[in-house]
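K.L.:
This is what each chain is made of:
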Amino acid sequence: MRTDRDGLPLEVDRTTSHAGDGGVLSPTSQEQIVFTPPIDIFERPDGLVLLADLPGVTLETLELQVQDNRLTLYGQVQSTWLEGVTLLHQEYPVGHFLRSFILSDEVDHERITAKLAHGVLEVFLPRATKAIPRKIEVKSD
Amino acid sequence: MAIFRWGNAWQAVGDFEQEVDHLLASVLQGLRVVRQYPAVNLYDLPDQLLLTAELPGIRLEELDISVSEGSLTLKGRHIGPENVPDEVFRRQERPRGKWQRILKLPEGIREDEVSAQFANGVLLIRLPKHPPKPVRQIAVTAVADGVSARDGHQEMIATPARRIVSEQGSAAMTQPPLAQGGSHAD
Chain F
1 MRTDRDGLPL EVDRTTSHAG DGGVLSPTSQ EQIVFTPPID IFERPDGLVL LADLPGVTLE
61 TLELQVQDNR LTLYGQVQST WLEGVTLLHQ EYPVGHFLRS FILSDEVDHE RITAKLAHGV
121 LEVFLPRATK AIPRKIEVKS D
Chain R
1 MAIFRWGNAW QAVGDFEQEV DHLLASVLQG LRVVRQYPAV NLYDLPDQLL LTAELPGIRL
61 EELDISVSEG SLTLKGRHIG PENVPDEVFR RQERPRGKWQ RILKLPEGIR EDEVSAQFAN
121 GVLLIRLPKH PPKPVRQIAV TAVADGVSAR DGHQEMIATP ARRIVSEQGS AAMTQPPLAQ
181 GGSHAD
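Chains F and R, in that order, are what the protein sequence lines are.
Be aware that the first sequence starts at 1, since it is given in the working numbering, and climbs by one per residue.
Be aware that the second sequence starts at 1, since it is given in the working numbering, and climbs by one per residue.
Treat the hints as calculated values from the structure; they're not laboratory data.
Errors might be hidden in some of the hints.
[Unchecked claim] Below, simulated BS3-like cross-link-like pairs (lysine-lysine); rule was C-alpha separation at most 30 Å, straight line:
(1) K104(R) <-> K75(R)
(2) K75(R) <-> K129(R)
(3) K104(R) <-> K115(F)
(4) K135(F) <-> K115(F)
(5) K129(R) <-> K104(R)
(6) K129(R) <-> K115(F)
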C-alpha cells in the first residue's frame, strides 16, 4: 500500500495540486482561472476528514468524484454577476477550484460522504474495515 | 528549486516532497510580500460600491464589521474544527487565527446604510452612494413674439423710454419759450 511519511492513506495528487505548474485541467471558459484550494486533513478513529476552502462554490456547482483510486473535487464559481460591473480594485482573482487525491485501500471508497457549508467542503473518508480472514477448512480424504 | 528532500525515490514520498517545496515556497513568498488579510475586491455599480472578501467557513459570531468616519473595519477569527487536537492534523493549509483590516472608504458613501451579507463563504458588503446633488433646472417658458414685446423685461426698457418721451415732452415744453423767444425776437 502506498502511504506517505505519516502513514496517511491519502496522497495529494501531483498533477492537479500545483496551481502554478500550469498542469491543471483547462477550464471551460477561457478566462476563468483554476486554483488549488487550501486543505486540512485530520484523523478520526474511524477515518479521515478532509476540509477544503471553496469560497463561492455551491452544491450545484460542485463536482466530487471518485474514479478508480482518485478523489477529485472541482468547484465552479459563478461570476456572471461581474459582467458589466466595473472592477475598481482587485486583490484576489476569482476562479474555479480543482484538486485531486489518491486514495489508498485503507479508505472505504464506497462509504465516502461529503457536505458543503459556508464555502467549506468536508469529506469524510472512512477507514476500511479490515477483511476478516476466512478460514478454509481442509478436509482429509 | 528543491528546498526539501527526503532522499528517497519512493513515489509517494516524491509527491510529498513536491508538496513541501510548494508549502515552503508559499511561506517564503508570504514573507516577501506582506499581504493584508482578507484580500478584498471592490466593484462599482451606478448606485453603490460592492466590497467582497473570501472568508470560507468563518462563523458569523466570529465576524465583526463596523463603519465609522470614513473607515470600514473588518475583524474576525478563523477557528479550526472543534474538539480536534493539533496532533491529529496531517495537513494544515487553511488559514487560522485572528485578523483585522481597516479600509478607508471613498467619498460619498452613505455610512448609515452600509450592509453586509455572507453566502457560500463570500462576504459581500454594500456601500450605497450618496445620490449626486440635484441640479436645479430652470424652466424656459415659450411665449408668443407679440406678447413678449409688451410683457416682462419690456417693462424695464419701457420706463426709460417713457422718460425719454417725457424729456422730449419737456423739450417740447421748452419749445414754446423758444418759440416765444422767437416770437420775442420778432
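K.L.:
In ascending order, which of the hints set out earlier in this document are inconsistent with the structure?
P.N.:
3, 4 and 6
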